[in-house]
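Using the sequences plus the hints, can you model the full thing?
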Amino acid sequence: MSKVFCISGSIVNSLGTDIDVHWDNVVNRKTCLVQHKIDRDILTYISCLNDFQWNELREKYGHHYTKCALLCIEAINVATKGLKIDWNCTAIVLATTKGDIDLYSPANNPNQNALSFFSHLSAQINAFFKQAMPAIVLSNACISGSQAIQYGAALLQRENIEHVIVCGVDIMTKFTLTGFNCLKALSALPARPFDRDRDGISLGEAAAALVLSKKDLPFNQLQPIQFLNGFVSNDANHISGPSRTGEGLFKAISMTLEGMTEKVDAISLHGTATIYNDDMESIAINRSGLDTIPCFGIKGIYGHTLGAAGILESIISLCSMSNNTIPATVGCSNPGTSQPINILTGTVYTQVNTLLKSVSGFGGSNCVLLFQKSNM
Amino acid sequence: MFGFKTINTAEINLSGDVPELEVQLNDLYSSMNIQYPKFYKMNLLCKLGFLTCEKLIPNDWKRDVQPAPDKIATIFFNKYASLASDHFHHKYLHEDQLPSPSVFVYTLPNILNGELAIRHGWTGYNAFFAAQNEEEMDYVLHNARISQVFDYVVTGWVETDLSRKKIFARMKLMEVTTNQSPLKDEKQVND
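One line per chain: the protein sequences are A and B, in this order.
Reminder that position 343 of the first sequence reads as 343 in this note's numbering, one-by-one numbering, no gaps.
Reminder that position 92 of the second sequence reads as 92 in this note's numbering, one-by-one numbering, no gaps.
Do not rely on the hints blindly, as some may be mistaken.
[Unchecked claim] Taking lysine to any residue pairs in the SDA-like style, the calculated list, with each CA pair at most 25 Å apart, reads:
id, chain 1, residue 1, chain 2, residue 2
1, B, K172, B, F39
2, B, K172, A, P134
3, A, K37, B, Q97
4, A, K263, A, P340
5, A, K184, B, K38
6, A, K215, B, V140
7, B, K165, A, H120
8, A, K3, B, M1
9, B, K91, A, D39
10, A, K130, B, L98
11, B, K91, A, F175
12, B, K38, B, P19
13, B, K71, A, D102
14, B, K165, A, D102
15, B, K172, B, E136
16, B, K38, B, P101
17, B, K79, A, G82
18, B, K91, A, R40
19, A, K37, B, L98
20, B, K91, A, T66
21, A, K184, B, K172
22, A, K263, A, Q339
23, A, K60, A, G82
24, B, K91, A, L103
25, A, K263, A, V348
Note that these hints are calculated values from the structure, not bench results.
Here's what the structure looks like:
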């Protein structure tokens, strides 16, 4: 098997596209979330691009692109800037939960039933980057992004492929906001992952792209980081509620770490800030014997970016490794989960050579990824 | 190296408007002599996938083969994702009604993988891919197996194409076959 190196990453959201700005923002505990009125009296916090930012993207790439396509094209462009990419030997894997669901409106699209929000997206990306290979779209709820990295690493094993670009995206829509609102899953405050008073998620709009390569190039010009292993499991328990025992996540962590002798230095958790998800994660981490390992979650900064989350949070994790800095969990003042874990409420400067990333989602899926600096 | 050997196939094709399709699926469920009340809560896509999978898994297979539940993958494909449920959720918004949690949860295609995991106790690899056509399936399946080891896979195309008033599912139960020499290679790598 060829080694898989994460050589470049980009994040596109309301904060812009500069990865250094994103990392500074994380370290300085600034949130992208702003208050938003959904309907009538319902307030929540979200992160989304403003009209000016959308117009900028449309002016840059063309008015005919959908919102998802604009975010993906920008993310992939930024991630591949300065890299020697042969697009004939490059595969793209897209990850999204709802794709261009905003097109689903009689006003926008009279032919609504004939349009596939996913293949329409991949066709636009293919056309822009003039790719012969169609971009496959992975849609596995909130694990989509992480699973796309695991899938992309396998795709990179093919002889004719030099680079795989995995790009996760989800946009802010009334469809998604009202959906999570009817599940009573939205917090009226910015998300407080792992805090004892947490009461729900904040939603975020973003695209994030990660470039995987067979060559041991450094991540964002700092240090080579390898994707070592990943594992997907299912709780086989409930379609929308986390397992009470953390069984699926525990299994995915065990399988990902199987045969590992080095210790994990940090864990980037899913941390949606719902009571049940964060409790479930604490149980799985505790059962895995990782309760003393420093953990963090960044949904208090970006919100839950759904299909983009696994990739966006992996990129911030790679920044954490490159900078040997484990960020604080923004929104968490008083950690309080059903099992004790080491949630950081302050930034820690320490060697981060090996990092574990976990996500879980609707449908009972869990996905765990393992990254390691390659000069270990 | 590995390959896939088909153990069984199953197919369901139905056509009509949504209420007619619901009736047809419910009738099919009744005729199959299954006791699984959760079936009635599912959306069209999951009902369709669920019944096709019931037809797919031979009665004696689980008993005779005793496959490890964490080594059975589910990998599905379609073009229109969860369009039928998207439609209903959107209808609530459009008509300014309160959306329903039980509709919204099903606006994710991979809920089908979740429903089958619950039904059969399968805890392994699961994925839903939106593909352009069925030719992509073998390529994706092969990559998925490189990304994570599994012994069996329940896979296929499951589509609720409301614009053409058609729903159809074509599923396969496949065994992953390996030959001896590459296995040795793998062992050498591990050593």
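Status of the hints after comparison with the structure:
1. With a C-alpha separation of about 21 Å, the suggested pairing of K172 (chain B) with F39 (chain B) holds against the 25 Å cut-off.
2. A threshold of 25 Å between alpha carbons decides the hint, and for K172 (chain B) with P134 (chain A) the separation of about 24 Å falls inside it, so the pair holds.
3. With a CA separation close to 17 Å, the supplied pair K37 (chain A) and Q97 (chain B) stays within the 25 Å bound.
4. Restraint check: the Cα-Cα separation between K263 (chain A) and P340 (chain A) comes to about 19 Å, which is no more than 25 Å; the hinted pair holds.
5. With a C-alpha separation of about 22 Å, the suggested pairing of K184 (chain A) with K38 (chain B) holds against the 25 Å cut-off.
6. Proximity of K215 (chain A) to V140 (chain B) is assessed by CA-CA distance (about 23 Å); at most 25 Å being required, the pair is judged to hold.
7. A C-alpha spacing of about 21 Å is found between K165 (chain B) and H120 (chain A), which places the hinted pair at or below 25 Å, so the restraint holds.
8. For the hint pairing K3 (chain A) with M1 (chain B), the CA-to-CA distance comes to about 18 Å; that is within 25 Å, so the pair holds.
9. Distance check on the hinted pair: K91 (chain B) and D39 (chain A) sit about 16 Å apart at the alpha-carbon level, within 25 Å; holds.
10. Annotation: proposed proximity of K130 (chain A) to L98 (chain B) is violated, straight-line Cα distance about 43 Å (limit 25 Å).
11. Restraint check for K91 (chain B) and F175 (chain A): the C-alpha separation of about 10 Å stays at or below 25 Å, so the hint holds.
12. Between the alpha carbons of K38 (chain B) and P19 (chain B) the distance comes to roughly 19 Å, so the proposed pair stays at or under 25 Å and holds.
13. Of the supplied pair hints, the one linking K71 (chain B) and D102 (chain A) is violated, its CA atoms being roughly 37 Å apart against a limit of 25 Å.
14. The hinted pair formed by K165 (chain B) and D102 (chain A) meets the criterion: a straight-line CA distance of about 23 Å does not exceed 25 Å.
15. Of the pairs offered as hints, the one joining K172 (chain B) and E136 (chain B) holds, with about 15 Å between alpha carbons and a cut-off of 25 Å not exceeded.
16. A hinted pair counts as satisfied when its Cα atoms are at most 25 Å apart, and K38 (chain B) with P101 (chain B) qualifies at roughly 16 Å.
17. A distance of roughly 35 Å separates the Cα atoms of K79 (chain B) and G82 (chain A); the hinted pair therefore is violated under the 25 Å criterion.
18. Taken as a hint, the K91 (chain B) and R40 (chain A) pair is honoured in the structure, with Cα atoms around 19 Å apart against an allowance of 25 Å.
19. Proximity of K37 (chain A) to L98 (chain B) is assessed by CA-CA distance (about 16 Å); at most 25 Å being required, the pair is judged to hold.
20. Between K91 (chain B) and T66 (chain A) the alpha-carbon distance is near 22 Å, which keeps this suggested pair within the 25 Å criterion.
21. The suggested pairing of K184 (chain A) with K172 (chain B) is violated, with an alpha-carbon distance near 38 Å, which exceeds 25 Å.
22. Distance check on the hinted pair: K263 (chain A) and Q339 (chain A) sit about 21 Å apart at the alpha-carbon level, within 25 Å; holds.
23. Distance check on the hinted pair: K60 (chain A) and G82 (chain A) sit about 19 Å apart at the alpha-carbon level, within 25 Å; holds.
24. Of the supplied pair hints, the one linking K91 (chain B) and L103 (chain A) holds, its CA atoms being roughly 14 Å apart against a limit of 25 Å.
25. Of the supplied pair hints, the one linking K263 (chain A) and V348 (chain A) holds, its CA atoms being roughly 17 Å apart against a limit of 25 Å.
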